[in-house]
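*Asks:* Here's the letter readout for the chains.
Number of protein chains: 4
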Amino acid sequence: ANNFFLLAGPCAIESEEMALRIAEKVVSITDALQIPYVFKGSFKKANRSRIDSFTGIGDEKALKILKKVSKTFQVPTVTDIHEVSDAAMAAEYVDILQIPAFLVRQTDLVVAAANTGKVVNLKKGQFMSPESMQHAVKKVTDSGNDQVMITDRGTMFGYQDMIVDFRGIPTMKQYAPTVLDVTHSLQQPNQSVGVTGGRPEMIGTIARAGIATGVDGLFIETHFDPANAKSDGANMLDLNRLEKLLTDLVAIRKTINQL
Amino acid sequence: ANNFFLLAGPCAIESEEMALRIAEKVVSITDALQIPYVFKGSFKKANRSRIDSFTGIGDEKALKILKKVSKTFQVPTVTDIHEVSDAAMAAEYVDILQIPAFLVRQTDLVVAAANTGKVVNLKKGQFMSPESMQHAVKKVTDSGNDQVMITDRGTMFGYQDMIVDFRGIPTMKQYAPTVLDVTHSLQQPNQSVGVTGGRPEMIGTIARAGIATGVDGLFIETHFDPANAKSDGANMLDLNRLEKLLTDLVAIRKTINQL
Amino acid sequence: ANNFFLLAGPCAIESEEMALRIAEKVVSITDALQIPYVFKGSFKKANRSRIDSFTGIGDEKALKILKKVSKTFQVPTVTDIHEVSDAAMAAEYVDILQIPAFLVRQTDLVVAAANTGKVVNLKKGQFMSPESMQHAVKKVTDSGNDQVMITDRGTMFGYQDMIVDFRGIPTMKQYAPTVLDVTHSLQQPNQSVGVTGGRPEMIGTIARAGIATGVDGLFIETHFDPANAKSDGANMLDLNRLEKLLTDLVAIRKTINQL
Amino acid sequence: ANNFFLLAGPCAIESEEMALRIAEKVVSITDALQIPYVFKGSFKKANRSRIDSFTGIGDEKALKILKKVSKTFQVPTVTDIHEVSDAAMAAEYVDILQIPAFLVRQTDLVVAAANTGKVVNLKKGQFMSPESMQHAVKKVTDSGNDQVMITDRGTMFGYQDMIVDFRGIPTMKQYAPTVLDVTHSLQQPNQSVGVTGGRPEMIGTIARAGIATGVDGLFIETHFDPANAKSDGANMLDLNRLEKLLTDLVAIRKTINQL
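Protein chains in written order, with this note's numbering: chain Y, 6 to 264; chain D, 6 to 264; chain A, 6 to 264; chain P, 6 to 264.
Heads up, a few of these hints could be off.
[To be verified] So these bits of chain D aren't anywhere near chain P, every CB distance computed over 10 angstroms: (1) N7; (2) F78; (3) P81; (4) A93; (5) L108; (6) D113; (7) G130; (8) M161; (9) D230; (10) N233; (11) A239; (12) R246.
[What the hints assert, rightly or not] Subject to a maximum C-alpha distance of 25 angstroms in a straight line, what follows is the list of computed SDA-like cross-link-like pairs (lysine to any residue): (13) Y:K73 to Y:S90; (14) Y:K50 to A:S197; (15) D:K259 to Y:S90; (16) Y:K235 to A:V116; (17) P:K259 to A:Y98; (18) Y:K143 to A:L250; (19) D:K50 to P:S148; (20) Y:K249 to D:L264; (21) P:K143 to D:I62; (22) Y:K259 to D:E206; (23) A:K178 to P:D253; (24) Y:K259 to D:Q263; (25) A:K76 to A:D113; (26) D:K178 to P:P41; (27) D:K235 to P:V142.
Quick caveat, the hints were computed from the structure, so don't treat them as lab data. In this text, a Cβ means the ideal position worked out from N, Cα and C, and glycines have one as well.
Just need the whole structure built from these sequences, with the hints factored in.
*Replies:* Here it is in structure tokens:
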């Protein structure tokens, strides 16, 4: 009843067993809290800092796991695409195609996603203003697809830090439903070891600010064992802490809805 | 009952009549909402962009008005100081001495404020990290004064914008009670006309995020007629909108207190 | 004789006639100044802000024009690629494959470029530190291709400005020959109209600083009629001003070489 | 003959012997290179991060040393002031009054400096755009003093880094002679230990870029033993490296003058 929705899951699909276990847990929590839930998993990671970073278990294998999660738990799914040819392929398996932040200025990719007729989730580039996202949204709607949403994953602040500009939430809601990615907006990029760092202790802080400023949804990467996740472990939420986090956020949302 | 407190008033003291009218209105609102209230007014403005900007009605005259507001409404008052010699003078009239953001690295000034025994409110420099405020706090406590608080007024983001880093709220609360200045953190400095701009329509957004992330207090400049205020009009809250804003924030605070 | 080299041309290939005219002019200037010259032209522009921006005259048609320029004037050519499949296609026509700044974190794309055996020109992401470019360079060399260079096109500074960090020049030269893109580093992105702005009057300033700090090459977009160029007109150098600019820079370079 | 000028010396005046030794060395170098020289030394340091940082040997004692340096070597001197009352006091001993970057928005201080009739050197705030310095300059000239110059000491870039925006050099030269402070523009503030860090290996890089872009002067803190200087050691130039640095810069300047 006018709750926020949640995009959550592991960063990358590591195995079917892992995906199903995470989905089962998140479904049980979100069902109880009446949070509409979309399972999130990347079928490949194309933008790692280092060539030896984990990039996936195989495209089709990962996409089939996403489909299985969807059927098993009756939840929609979202995955990110990196090339024009990924759009049609991924559209056969998932409900939402996500354009990564680095790629949101690639017109061909955005249009290819729009042309599948699936929902398109545009991540705000770390280098983009909230206002400039209206042009990205327009590329989707001009392609005849009105199902578009925006996800804020923070903005570059110096070389080694990111910051969330909460003025951007009401701004971007003028263009499309707006999601706050609490995982990636806490990244600390360009660290000297070539692996992105983070501040996961701030997840609750950023998520509360997001709900208080009216986001339509939250994006959270979560894992039973963040320290051993094959990518983005630095900012993942331990799955055992998800229920408490969401319970608190639902309480804030209810208050906000009454103002 | 564990509510946030409020530092509010006009930017500069323009006249006794204006100060008393504003105070009366804010007192009536905050009394009803059980918000501890501190009347704020600058007795001079020393850091305007242009030499022809308004700088005040006379130091002693303005300080006496602050004192009168305090006695009339039984509320504490806060004013900002700019030179070492201001500290002792202002301390005779007000309860809290505020160190402006540009001046928070001036050790002599901070120590002079601390030595008055009054509460010291340290504004975070626009050029400082939340973590670095611990050194400013320590200058006060090392002077034997434990009554110190921090106010965040945003951080430079490029030349012509500011941003509030909400990760800084829990960080700075480790050092001292932390206030969010919703007026100045919405400034847009370095505008070509030499007068700082702003985005007052974002006051509610930033204030909500502040309460949600646990600030101890809010700082709001307010005026019956922001467009004709003699300084900082760009981001002032119209006093007629204060009650609704605070009512909403109290509701969020109550929810946060229960989590 | 230990001079800097030059990558220059129009932004996008608009027509064969235009490409040949520009090349002829630049060749005559660079021959006289003993500046090694690489003709630059994009065969498509995939990352425009707005869907109605110019995106090209047709991939193969544009690539054939690049080849014709190369044969006509005996100069190498460079073009940028946006998808993995572009790499092999473009490699048949040009000598240097350029990875756009937004895409330099796309491992698959960088590796595909490296695998062609052509020189790879990695643009530093606007969101990357100079130090982090070592990981991008390593993706090329780990693919068995040692012909790699880096081009700095500025770093995000707030939402609507970019800045060149000249500390990055000696830093990146440790990893690969380093080029300064004086055209794009003067961009002012996220302007409200959805078209990137610029400060072309600063081309000489930035180029002189680049030569003084030891860049190996310069990247300049130039056009006989910048105001009517189909893309990036905002920061293009008027071709009639190129000779004077390069003459001055060669003089500075000669001095630097003797220090 | 149309050379750049140099403001150089230790950060703080530590002792008469130290000041005279440094001045003697710099005078001998700058005389040979025909560089107009101004001896620089702070008589107190009021803006340290930590209360236990070195703040000086006593105001009058330090100012008298500056006077002695001036008489001994027939060179003008510059020192920075922090409060209105410093202006008249320092003006009795030195030729140029410098407004620290943090304080350049303090109108009273700028006007007090202007009213002494001495040359006023305005440091650009780390939080200010080059364009906004015209307002600071105007405060001096509106006070009837036309002897004003600007010194760029870098601009905040994220929390822990600074950057020099060389587009600012021609911009600020429109308002007043412009100096590049190569020492402080290499600071890395807000470091976790409460002591500002730096990158002194970049002094040559930044200085060359400054000369190439047309600065009127350079500001360099230098010491025989930077590691043991009582303040700002992180970015000081070892005095034994000054001659080579300046010799190279004079060569670049001569070339620039001929363009």
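*Asks:* The structure should be examined with respect to each hint, and the outcome stated for every one.
*Replies:* Okay, the hints, checked on the actual structure:
no.	hint	in the structure
1	N7	holds, 31 angstroms
2	F78	holds, 31 angstroms
3	P81	holds, 27 angstroms
4	A93	holds, 14 angstroms
5	L108	violated, 7 angstroms
6	D113	violated, 5 angstroms
7	G130	violated, 8 angstroms
8	M161	violated, 5 angstroms
9	D230	holds, 25 angstroms
10	N233	holds, 22 angstroms
11	A239	holds, 16 angstroms
12	R246	holds, 29 angstroms
13	Y:K73 to Y:S90	holds, 22 angstroms
14	Y:K50 to A:S197	violated, 32 angstroms
15	D:K259 to Y:S90	violated, 51 angstroms
16	Y:K235 to A:V116	holds, 21 angstroms
17	P:K259 to A:Y98	violated, 44 angstroms
18	Y:K143 to A:L250	violated, 40 angstroms
19	D:K50 to P:S148	holds, 18 angstroms
20	Y:K249 to D:L264	holds, 9 angstroms
21	P:K143 to D:I62	holds, 23 angstroms
22	Y:K259 to D:E206	holds, 23 angstroms
23	A:K178 to P:D253	holds, 21 angstroms
24	Y:K259 to D:Q263	holds, 13 angstroms
25	A:K76 to A:D113	violated, 31 angstroms
26	D:K178 to P:P41	violated, 51 angstroms
27	D:K235 to P:V142	holds, 23 angstroms
Checked against the numbered hints given earlier, this structure breaks hints 5, 6, 7, 8, 14, 15, 17, 18, 25, 26; the rest are met.
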